[in-house]
Amino acid sequence: MAAGVPAKGGQSLARTTAVSGVPESVPALLARNVAQFPSKPAYREKEFGIWQSWTWAETAEEIQSIAFGLMALGADKGDYIAIIGRNRPALYWSMVAAMKIGAIPVPMYQDAVADEMAYVLEHAGARFAICGDQEQVDKVIEVQETVHCIEHIIYQDPRGLRRYDHSKMHSLADVQTEGRAAHERFERQLAEREAAVGYDDTCVMLYTSGTTGKSKGVVLSNRNVIETARNSSEFDHLRPSEEIVAYLPMAWVGDFIFSIGQAYWTGFCTNCPESPDTMMTDLREIGPTYFFAPPRMFETMLTSVMIRMEDAGRVKRNMFHYFMAHAKRVGPALLDGKPVGVLDRLKYWIGDKLVYGPLKNTLGFTRVRVGYTAGEAIGPEIFDFYRSLGINLKQLYGQTEATVFITQQPDGEVRADTVGVPSPGVEIRIGDNGEIYYRSPGTFVEYYKNPESTADTKDPEGWVATGDAGFIEEATGHLRIIDRAKDVGKMADGRLFAPKYVENKLKFYPNILEAVVFGAGRDMCTAFINIDLAAVGNWAERNNIAYASYQELAGHRQVLDTIQQHVEEVNKSVAQDPMLSGCQVHRFLVLHKELDADDGELTRTRKVRRKIINEKFEDLVTALYDGSKEIYTETEVTYEDGRKGKITATLEIRDAKVVETAGQTQVAAQ
Amino acid sequence: MTMMHYEPYQTEDGRTIGNTLMEMKNITLRFGGVVAIKDISFDIREGEIRAIIGPNGAGKSSMLNVISGFYNPQDGEVWYKGERRPHMRPYQVARLGIARTFQNIALFEGMSVLDNIMTGRLNHMSASILDQMIWWGKAEREEVKNREKAEEIIDFLEIQAIRKTPVGRLPYGLKKRVELARALVADPSLLLLDEPMAGMNVEEKEDMSRFILDVNDEFGTTIALIEHDMGVVMDLSDRVVVMDYGKKIGDGTPDEVRTNQEVIDAYLGVAHD
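Residue numbers (this note's numbering), protein chains in the order written: chain U, 1 to 670; chain A, 1 to 273.
In isolation and in its complexed conformation, chain A is listed as follows:
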């Protein structure tokens, strides 16, 4: 078995959507007797923004955790870059070029924004602890290179003014942006965003949407995101997977999903009159 094959195409706004980057095949995830994900298959294509939506408890976050290697599904296969991915620990998945942000921000509150972002470069550091302690040769070269990358992202996300500010002192919207920066600095080929707009006001949501689109556009990063806000999802994504009670009930472009009766029922509830 291999991954689904697609021909690349150009979107209306001129981005190129390529072949399959990741494919989930018949994934089932159980916690004891509870079935969180039931036999779900979908794929993510290179360069696209792929959203996973669904009401509360639909299994979206579980799905993201399967992709990031935090959960290993009981059934089904995860295919990534043309190969079947064996069971892996999250740090191994990260090394494959998959970076993520968290629904409940997971930053080091006492460290500065810059230091937090630098931790995202961990997989690009190979100098030994001893090298780093005496700060010579490779360690220094790596640090300079990593800092360069970090500064590029800081500039990109317009957070220059808080570079040296401890993360704990930042407002929520900015913390979210710092988290995005930390994920981006790893140079991911697949970026997972867990509810990037949760708890934000309209203006912050607009900013974040802009950044997500820019990231996809400038770096060509493939993005898979979970989001509650339907409006945001429909504007941002190329294709949407809709989940309800652990099952996939819809998959397609925002327009297709919007007109899918099952999705309407799940989201808006069934009309009783």
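So here's chain U without its partners, still in its complex pose:
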């Protein structure tokens, strides 16, 4: 039975033993990999300018020494061990070491402020915190004023920590040395503990980013992780020779499944960048074959390519635009294996030599065989840009509670507006209100210490409510997502209101970073808009427009003109959908500050928190609806070190042209 955690909920899920011969835990997968490919690289990390690598055999030794060391410190079966830091092999090893001794790793968001950290540490009752560096150690120490469960802090990078009180603090290297020395004392005990870890025992606990309220601890079993990793690896024919770059937060379920689940199932190599700033260079040096990034990252990369092309010489620029136009026409078809004429193929081949190849190389995508994006909708232009280059970028739909995968796009059936077909082993059902439900081997065990939420989300038959509204296209069997189910509402006159749908259309413009649309229960829709500083700043530079701050640029008349054009174009496109034509944006303003997770306006995974924005900017929302031309406002901001400050601004509110539609005239007539 689960280590210290009674499994509640989901009793009806089949509790059969694993398919015979399949390793039943992540440490068992590790042992299998050591036997199968002992000298194949398992981890790489760039340090001191050089890629250091560890084979599976070396990895196993490192993990074992951490496990022994943790035992020497008194880590017990069922303990919760917090892991906080950027992606580094030693922290991944710490997670597996925790699993080995029957403890449960709880990776946490490293950019969380101390308050957020306090909640998770307390809720999980973590006895150990393994930190990457001083920054994280400081936060854990700060948290200890109110949270008393932490007994030991272990850190990897000793820099700046030499003079700290070391009575309850240890460097990871020392823990490992201690562990190696205690080898004989614990060998039998460790083997027993490892053998006792069962298929339905907890493998990991991941806290959701919490679009609404406090985050919840999602308990995933070994069954969840291993079966999902197997199914998804087989779906994309992942091989031991794959290379991935681990750079997304370790606390996020996706990173856990890619860098541990699939990596251990398949035996491929996980590469960790030197520092967050060197990510793009490291990506290029590694040339991953399997790659994941949120849409925002692809957007940022595309924006930077476009900015650089604007700055390039005329010959290069023309060549780029000429061949990109061709790629747009035939690239996706070539990728999907559809028939393409000989001449077009030849031209594409030339383009590949001159433009696509070098460009992919610069981006680090030369070797990408399978690329995924998820988390948010991706703009069709952005999506097609990468696909036309010959990069097999696909979409998936998933969530923490499903151990990531709900739907995936199979090779050759890739479109920007769907999220694919149900992943292997996943059943999907659409509720009466349009909400998507799923049931799968990856369905989470429970929310930790929160049976009510577990019961709300997962019914006794194991169906989980996603909270998203969508439908399955009859012709293709692909799932399409409309919006968060609870965000989909009605306007005052009963027309459908789907804010995300409009926001996504707005965000597809490079100048717009973020948008928040209001309109539930109102007679018209309005919007907040955040400009993208990189894109708009570049435009300003090109046009000799001087600005001293984000705020000044955001309030610039010409910027507002541009944004207004974008809004009006979006209105035209929204008007074409008879169901959603009511969601056209009538009035908008450009915010004077970027929406930020530190201010609680976004989640750590950068999703909009509507309720908080509604409360915080109440004055602005009111102004959008009372017809005023401008509004003076004061906003509290939180700096990165936790201090608070205030910014003030006078914002201009603009009216955007809307397209009259049948529905509207009808309503007006009534």
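No lab work stands behind these hints: they were computed from the structure. All C-beta atoms in this analysis are idealised placements derived from N, C-alpha and C, irrespective of residue type, glycine included. Among these hints, one or two may not hold up.
Stated by the list, open to error - Calculated lysine-lysine pairs in the DSS-like style (CA-CA distance at most 27 angstroms, straight line):
#1 U:K593 x A:K205
#2 A:K25 x A:K81
#3 A:K164 x U:K316
Stated by the list, open to error - Short, incomplete list of chain U residues facing chain A, as computed with Cβ under 8 angstroms:
#4 G49
#5 W51
#6 T55
#7 R159
#8 G160
#9 R163
#10 E274
#11 D277
#12 T278
Unchecked claim - Covered by chain U, according to a simulated footprint, are these stretches of chain A (three or more residues, beta-carbon under 8 angstroms):
#13 148 to 160
#14 214 to 223
On the provided structure of chain U, position chain A as indicated by the hints.
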């Protein structure tokens, strides 16, 4: 005559401040008829952060140039590591383990950050030009060792992302950090910083302060710095020398200096009411 003797002590934050590393005795420096430094004496102890402050034209930079051997004072003695230092050229001083940064950044703009930092290892290279040209034996071993040291400093100062970037393309704050890296890579026993925070914004100043403290803490490097920003100086340093019109008007811990009437007058001006 010898250097002042001190007993080592532990600071509140646990660093050890040792005996005298360098002592300036009755230094006077004149340029023609102008007296830049008038009969100034002070010492620098091992492991401490020692600041030299003063209003514009007080003679701070001249003092730093005396320490680094760029100027030779007409009167007075410079004692270093228990011995009187004869007149020396700056490169000879550098060989004694004294490294510096400059107020107006003095980097090779066209070279990469890494190459700039590697030039700081010059005093640790002994292979001949011929050896280096055929890249064999000693030259190769030295290069590997020097690169290792350079990478250690790059990691320490968190400039991995700009390792291969030409210095000319960097913003000011980062150039300052690269300069610090070049000085540090020489493994100095005394590090001279000439206005390390000049022209920086608050955030850059905070970063730089952090790095200066970390350098002192991690490598135990003795640091002498000139700085305008009083707040920064008072937070960073163990002892402060205050100069005005070439004279020393105060010397002591930041708290002592802060309450010294002469210093208050020189810095804030004398109240007229």
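Is the interface hint satisfied for U:T55? The criterion is a beta-carbon contact with chain A at less than 8 angstroms.
23 angstroms, violated
Does U:G160 hold up as a contact with chain A if the rule is Cβ-Cβ below 8 angstroms?
For U:G160, the interface hint holds, since the closest Cβ of chain A sits about 6 angstroms away, which is under 8 angstroms.
Interface hint compliance - U:R159 to chain A, C-beta minimum distance less than 8 angstroms:
7 angstroms, holds
Hint check, U:D277 versus chain A [nearest Cβ-Cβ separation less than 8 angstroms]
OK, holds: U:D277 within 8 angstroms of chain A, min 4 angstroms.
Verify the interface restraint on U:T278: the C-beta must sit less than 8 angstroms from at least one C-beta of chain A.
Holds, because the Cβ-Cβ distance from U:T278 to chain A comes to roughly 5 angstroms (cut-off 8 angstroms).
Interface restraint verdict for U:R163 against chain A (beta-carbon cut-off 8 angstroms)
4 angstroms, holds
A:K164 paired with U:K316 [C-alpha distance capped at 27 angstroms]
With a Cα-Cα distance of about 24 angstroms, the restraint between A:K164 and U:K316 holds, given a limit of 27 angstroms.
Between the segment 148 to 160 of chain A and chain U, are there enough contacts, at least three residues with CB-CB distance under 8 angstroms, for the coverage claim to hold?
holds (count 8)
Taking 27 angstroms as the top limit, are the C-alpha atoms of U:K593 and A:K205 close enough?
24 angstroms, holds
Hinted contact U:E274 with chain A - closest CB pair below 8 angstroms
It holds, given that the least Cβ distance between U:E274 and chain A is near 5 angstroms, below 8 angstroms.
Answer holds if the nearest beta-carbon of chain A is closer than 8 angstroms to that of U:G49; otherwise answer violated.
5 angstroms, holds
A:K25 and A:K81 were given as a pair; does the straight-line alpha-carbon distance stay at or below 27 angstroms?
Holds - the C-alpha atoms of A:K81 and A:K25 are around 14 angstroms apart, at most 27 angstroms.
When the structure is compared with the earlier hints, violations turn up for hints 5, 6 and for no others.
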